[in-house]
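Asks: Starting from the structure of chain A, add chain B where the hints point.
In case you want the letters, here they are:
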Amino acid sequence: MTIDALPAPGPLLRADSISRSYGRTPALREASLSVTAGEILAIMGPSGSGKSTLLHCLAGIFTPDTGQVWFDGHRLDTLGDAGRSRLRRTAFGFVFQFGQLVPELTAADNVALPLLLGRTGRRHAYQRARGWLERLELDGLGERRTGELSGGQAQRVAIARALVTRPKVIFADEPTGALDSLAGEKVMDLLVGLARQEGVTVIVVTHDSRVAACADREVIVRDGKVTDPYADEYAGEAVR
Amino acid sequence: MTFWLGLRLSLRGGREAAVRLALVAAAVAMGVTVLLSTVALFNAFRVTAERPCWECTTGSAPAGWALGATQGAALWNHRQDSYAGRPIERLDVAVLDPAAPAPAVPGVPALPAAGRFYVSPALAELMAAVPREQLADRFPGARAGLVGRAALSGPDDLVAVVGRTPGELAGMAGTVAVDTVATFPAAQDPAADDLTALYEHGFGIAAIGLIVPLLVLVGTATRLAAARREARFAAVRLAGATARQINAIASADAALGALLGALAGVALFQAVRPALAGVAITGSRFFPDVVTPTAPQYAIVIAGVPLAAAAAAVWSLRRVRITPLGAARRTRASAPGWWRVLPLLAGLGLFAGPAFAGGGREPDPLLADAGLALIMVGLMVAGPWLTMLAARLAARLTRGAATLLAARRLAAEPKAAFRSVNGIVLAVFIGTAVAGIVPAVVSGQLAAGDGTLNEVMRVPFGYADAAPGRPLPPGEADELLAEVGAHPGVTVLPIYRRTTTQDPPAAPLPCDPGPGCRLDFMLGHVVSCDDLARFPALGACAPGVRAVTADFNRLLTSDNLLSVDRNLPIVDPTSPSAPAGTGTGKDVGSGSGNDADSGKAGAAASDGLSLAAVLIRADDPAVRERIRTSLTPYVARSGSAETPLTFAEVARFREVLLDQVERVALAIVALTLLVAGCGLLVAVAGGVVERRQPFTLLRLSGTPTRTLSLVVVLETAVPVLLAALVAAAAGFGVAGPVIDQLAIKSAPAALPGAGYLLTVGGGLLAALLIVLAGLPLLRRVTAPDNARFE
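In the order they appear, the protein sequences are chains A and B.
Residue numbering for the first sequence follows our numbering, beginning at 2 and increasing consecutively.
Residue numbering for the second sequence follows our numbering, beginning at -19 and increasing consecutively.
Chain A with its partners taken away, still in its complex shape:
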């Protein structure tokens, strides 16, 4: 599969009637969603509604029990582990509430990590990592371990890491959940601003309306179902 395919005329990412259960507990029920390239989408909903599960299915972290997930014209849910790992490394970026950084590594190491895993030369990888750290106002902190950074700084490192591979989609799950309002606002400004500059699609899960306000569009997940006013527009349309 070639990830760097030509831009699809339809949605960049699309879920068709996906369901996912944890044991006997359903998390998603026939959920459908479409996201266009460059769009910033907020997924909202109460706790336990299935919004994170939806995000993980869209990112290929989870495989839905039923239904299909398409990315850039290719089935994602049938892709093997290695293929999905490559997608995460090249086409996707992640900003989670916590846990996405390796605390033993420095900020620069963490940002360079996806490039290093993709066999980019070390020098080039660190050059690009430093560049992104500068853009995220973290210059001078590159040699600090992430455990030594504040929560806001750590989230900016996560954003830098998410963007360093020039991904097509950034998946953000409660990116400001562990931050105070000021730091959260700054993180969101940077994430949204850079995404727009780079033309990156952002799918952000949040229950914070201020975060959702940064998005172009928002959908609501409730009891595993998605309320998406644009879903019908794409229904039945063939995906390339």
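There may be inaccurate statements among the hints.
With the Cβ distance kept under 10 Å, some of the chain A side facing chain B (calculated, not the full set) [to be verified]:
id, residue
1, L114
2, P115
3, L180
4, A184
Hints in this document: simulated from the structure, not taken from any laboratory.
Glycine is no exception: its CB is placed at the ideal position from the N, C-alpha and C atoms.
Replies: Chain B alone, transformed into the frame defined by chain A:
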């Protein structure tokens, strides 16, 4: 690149990573040191066993010697002597043609001329330290030099090569003519005893016994703080790493720690090597330079340990599924079932029952081995179930927070808790069994004949047709008895051979020979009842009987005093009196000191009886050695292969062998406990780091550090003590039937000695103290100001 990432995570991952790396390296270093020490001792043993066995030289039949000049040949008489229980290898040689090159003995420049001798350095030292008549007089002539190490197994060997004239040697029984000296290893000598195989077997078992705790140690070390590392790996997976890349990172991380540990272990081994060379693990020291691993063995350890660690790391990841969101167990641990105790019970039952059924029946070695194997496997299998039971009981009976926390965790994860204790279980079991058996058997050896034979020296000549050598003819017997009787404080029992003996019957014997069953064909010896009365342990004649026929073979030949004891008394009132025509119709000699009775010996001898053996009691050790020195020419002339030894010395040879077995076993136990202790420390440290978050939360919510420390100590101490208790009970359970079989009934009860208490008790205590070494880590990692949860 991923390999580099693994190294990066290990080397520059901050304090926690450094602590982890140091712990892994230290644990592996300890394991490698132990492994190299075992390999070095095994090499030393093998190198020594490969030494050319000049003592194995055989020659042509004694008939038809050309005592004149025979080119390239020598007369050769090799036998064993002894001083204070220490064996002396003695070779008397005579060069037949001094002008021609003679056969060469390794370590000796040339065969000594008559009146010259070579001795090993240890023998030279001993000769200089004791009175001349006790030892040096045994070697006539002047010292020509020292025997070199090519002829020796170690620096403590006592060896003498004595030059004689051909005429002197020709008069000695057992002399052969040789033209070449044997150069094959002692292990290949068909006549050699099976000690080499025994030791090789022992080292093999030791290696296997050590490998298990070593692998557990390396495995535990590489899985240190596994949960936290798996969380890191999940983060790396989120960044796009494949499962294979995660394996590579984990392998690099594990291999680095193991490599550093292996190198440190090699360095540590160099530090302990001189001390190791001084350990007489097989009873005598090895030459220091042979106590070393070979270059390929070093290479295998340095390369193999990191590879094993890398493989262990990858293997451990098979049990978890690392996803970008975290790690999940692939399998759910189930509670151990009661069936786990069945193999242990079956093994104990088999061992105590069918294998050692008693009743005088010989034990069945196959059943005994099967029973032992079942017990050892059973201990490891039953451990988790017993731990769970003890934990549940403790949780029910105790109310303290620490006990509750520890008991609940042990009950929930008994297999994990017991994993690091496996090595201790086997060590305690083996140590207890061996230390239980050996002192009882050794003390039993000295209890033969209620201990009254201990200072009695047995001097066999040709005591039976099948025995090497010939009995002393009457003239020589007179001379010997007079010479021995001249020493003060000496009591003698001459044992004569009947002139005619009968062959064993073709039909099956009507009873098992022994007390109560004396068959006529066996009654080949004759003793005077008066002389016998001075050795009451051997029995007594019926009143009025002057001399009896009896079977002294077992007394004269057995190297196991248990066999001797079982054959006592040799004479009882039912023993047949010596019939006329054997020379015993009248007085059979008496050699009790220098009294007038000694003339009776002459009477017996004149009646045609030859001297088969003499029992001599001399309580003064100096007198004993003088007698031994004076006996040397008689023994040489008779050609007897038996060295004059007291029964205590005979027992001591067995005691030395058993002590060696015990020493080797306890050395293995000590090393195993050391390795297991390291494994415990690593497991404790790993457990603390792993549970940093819940422990920190407990501290934040007001739980005192003391309570948390107690939790950690209890979690480790309960399985250790429980395992030690069960293993020790199983060890004594195994020792019981063996002691019953091997020890003399009248022997006083002997408990495991100081070596056992020091090794097993001290080892367990050290293991528990090692656990305490992990507590400062607990305090540090759970400090409230560290409470950051990423």
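Asks: Please flag the earlier hints that this structure goes against, numbers listed from lowest up.
Replies: 3 and 4
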